[in-house]
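**Q** Take a look at the letters that make up each chain.
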Amino acid sequence: MRMCAGIRCSFEDTAQFMEGVVARLFGEDTVKVFEGFSLLVCRGEFAEAYLLRGEVADLVKGLLGSGRVPYAAGLYVGRLRKSRPTFVPSVDFLSFLYSGLGGFRRALVVGERGLKPFLYGKDVLKASVLECFEPLSKGEVVGIVGEDGFVYGVGLSVIDSCRGIEGLRNVDVVAENVFDVGWYLRGGTEARERKFKV
Amino acid sequence: MGDLPRFSDVSDPLEWVVSRVRPGRRSKAVASRWGYRPYMVERYLNILGSWAEVGRLLQSFELSVSPSVRCNTLKVRDCGLLVERLERLGFEVKPIEWAEHCFEVVGGVNTVSTLGATHEFLIGMYYLYRGRASLLPPLTLSPVAGERVCDLAAAPGGKATHMAQLMRNEGVLLACDVSRSRMRALRSNVERLGIRNAVLLRIDGRIVPDIFPSHFDRVLLDAPCSGEGLIMLDPSRKVKTSMRDLVRMHELQVELLNAALDSVRPGGLVLYSTCSIAPEEDEFVIAEVVERREDVRVERVDAPLRLSEGVEEYFGLELPDYVRLCVRVWPHIHGMEGFFMCLLRRVD
Ligand SMILES: C[S@@+](CC[C@H](N)C(=O)[O-])C[C@H]1O[C@@H](n2cnc3c(N)ncnc32)[C@H](O)[C@@H]1O
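Chains as they are written, first to last, in the numbering used here: chain A, 1 to 198; chain B, 1 to 348.
The hints are simulated quantities; they were obtained by calculation from the structure and are not laboratory data.
There's no promise every hint is true.
[What the hints assert, rightly or not] Pairs of lysine-lysine, DSS-like flavour, derived with a Cα cap of 30 Å:
| id | chain 1 | residue 1 | chain 2 | residue 2 |
| --- | --- | --- | --- | --- |
| 1 | B | Lys75 | A | Lys32 |
| 2 | A | Lys138 | A | Lys122 |
| 3 | A | Lys61 | A | Lys32 |
| 4 | A | Lys61 | B | Lys75 |
| 5 | A | Lys116 | A | Lys126 |
| 6 | A | Lys138 | A | Lys32 |
| 7 | A | Lys138 | A | Lys126 |
| 8 | A | Lys122 | A | Lys82 |
| 9 | B | Lys240 | B | Lys94 |
| 10 | A | Lys116 | A | Lys138 |
| 11 | B | Lys28 | A | Lys116 |
| 12 | A | Lys61 | A | Lys82 |
| 13 | B | Lys238 | B | Lys28 |
| 14 | A | Lys116 | B | Lys238 |
| 15 | A | Lys126 | B | Lys238 |
| 16 | A | Lys126 | A | Lys61 |
| 17 | A | Lys61 | A | Lys116 |
| 18 | A | Lys122 | B | Lys240 |
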C-alpha cells in the first residue's frame with residue numbers, strides 16, 4: 001500500500017471485484033472479458049479503480065515501490081462507493097465491456113435529440129429512449145448509449161426493468177445524469193463529483 | 001567556418017551568444033513594424049541570412065494555420081466513417097499525405113472551438129490539433145506495440161495519445177507532467193480516446209530517472225518552451241519572451257533532456273522536440289547535453305517529410321557538426337508552426 005498527498009493505492013483482489021461487483025451488475029459472463037487484468041484501487045476523497053494488464057501493472061508496482069502513486073493508470077474502471085450505487089463505472093469501462101460482450105447490458109440507447117441535452121448535463125427522458133437493455137434496477141447505474149453504438153455517459157435508473165418505461169410519460173425521467181462525455185468540456189465542476197463521494 | 005570559435009571552446013556558449021545579440025537599426029525598425037521584440041528579429045536575420053527570408057518568415061507568422069484531426073484508430077475502425085460524420089457537420093477535410101489517419105480541416109465551420117465540441121470529439125473519435133507539426137514527434141520516434149515508452153512532459157496529451165495509438169494500446173506508456181491543471185486535461189484525453197496502456201504521473205520530469213533508471217525503450221521530451229514557433233496561433237508571443245527567459249528555459253530543458261537520457265535504456269532512443277525556432281532552446285540544448293556526456297549519439301531524423309537541417313552557426317559561434325542532423329520546421333518553408341526535433345541514442 002502506498003500513500004501520497006492523502007491518496008493510497010494498492011492492488012486488490014481482482015476476482016472478488018469481478019464476481020462481487022461487475023458480475024452482480026452485468027452478468028456472470030462479464031468476468032471473461034477482463035481475464036489477465038489486475039485491479040488497482042486508489043483511495044482518497046474517492047475510491048477509484050483501474051484494471052491493468054501485465055506491463056502496465058509492472059510499471060505501477062515499480063512506482064508504488066518508490067513511494068509514489070499514479071494519477072491514473074490502465075483502464076479506468078470507475079468509482080467504488082459504500083452506499084448505492086456501490087459502483088459507478090466509467091464510460092471507457094462500459095465501452096470495453098460492451099465491445100468484449102458484443103452487445104449492451106444495463107443500457108439505454110438514446111436518440112440524437114435526447115443526446116444533446118444529456119451532453120449538457122440533463123437527465124434522459126422517456127421520449128428520447130429508443131432501446132432498453134436489461135437488467136435495470138432502480139437506483140443503479142445504466143449505460144447511456146448513442147444510436148452509433150458509442151457510450152455517451154452513465155445514468156442512474158429510476159426504473160426496475162425495461163418494462164417500467166411503458167408506465168412513464170414522455171416527459172418523465174428514465175435515468176438521471178451521473179456523468180456524460182461533455183462533462184470535462186463544460187468545465188466539470190466538483191459539485192457532481194461530490195454527489196458520488198465514497 | 002574553420003576560424004569561428006567553437007561551442008566546446010567557449011565556457012558558457014549561451015551567455016556568449018546573449019552578449020552578442022545587439023539589434024541593429026533595421027532590426028529595430030522591422031521589429032516595430034511587425035510588433036516584435038527587436039532581439040527576435042536580429043536573431044532571425046542571423047539564422048536565415050537575408051532580409052528577404054526574414055520577411056517571408058514574419059509574413060508566414062501572420063497567416064492562420066488550419067486545425068488538424070487525428071482519427072483515433074483505437075476507437076474508430078474505419079476512418080472514412082469519421083470523415084463522413086465530419087463532412088455531415090459541414091467540415092471540409094483533406095488527408096495529410098505524410099501522416100496516416102490524419103486530416104487537415106480546410107473548410108467549413110473549422111474553428112477549433114467547434115471541432116472541440118462535436119459529439120465525435122467527445123466520444124474520442126479524434127484528437128484535435130491547432131496545427132500539423134505536433135504530429136511529427138510521435139511519427140518520428142515511432143514507438144511500437146509492446147515497448148516501454150515514456151513521455152516526460154505529456155500534458156494535454158496530443159503526442160502521448162498518438163504514441164499510444166501507434167503502440168495499439170499494447171506495452172506501457174508512462175505519461176508525466178508537473179502541472180496539476182494540465183494533468184486533468186491529460187487524463188480527460190486519455191480516457192476519452194480509450195487509452196489503456198498508459199500510466200499518468202504528476203511529477204517533475206527531472207525526478208523520473210530516480211524511479212526508472214535506464215528503463216525505457218523510447219522517451220519523448222516535448223519540452224516546455226517559449227513557443228516561438230507558434231506566433232501565428234498566439235501573437236502575444238511576439239513580445240512575451242525576453243532573452244533572459246530563454247536562458248532560464250534552456251537550463252530547464254537541459255536538465256529535462258539529461259533526465260530523459262538517464263531514463264532510457266542503453267541502445268534506446270530519446271526524441272527532443274520543441275514548438276520553438278529559438279536555437280537557444282533547440283540546438284544549444286542538444287549541444288550542451290551531448291558535449292558533456294559520453295553515452296549519447298545524435299542520430300539522423302527519419303521524419304515523415306523533408307525538413308530543414310539544424311542551425312550550425314549562430315552569432316559567430318560554430319556548433320558541433322551533429323546538430324545538422326536535427327531538423328527544423330519553418331513556417332515559411334513548410335507551411336506549419338515552427339518546430340524542432342532531434343533524435344538521440346543512448347549508447348553503452
Ligand atoms: C510543450 S508542453 C507538452 C505538450 C504535450 N507533449 C502534448 O503533445 O500535448 C510542455 C509541458 O511540460 C510541462 N512541464 C513543465 N515543466 C516540467 C517539468 N519540470 N517536468 C515535467 N513537465 C513539465 C508543462 O506543464 C507542459 O504541459
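**Q** Hint by hint, work out which the structure violates, then give me just those numbers in ascending order.
**A** 9, 11, 14, 15, 16, 17 and 18
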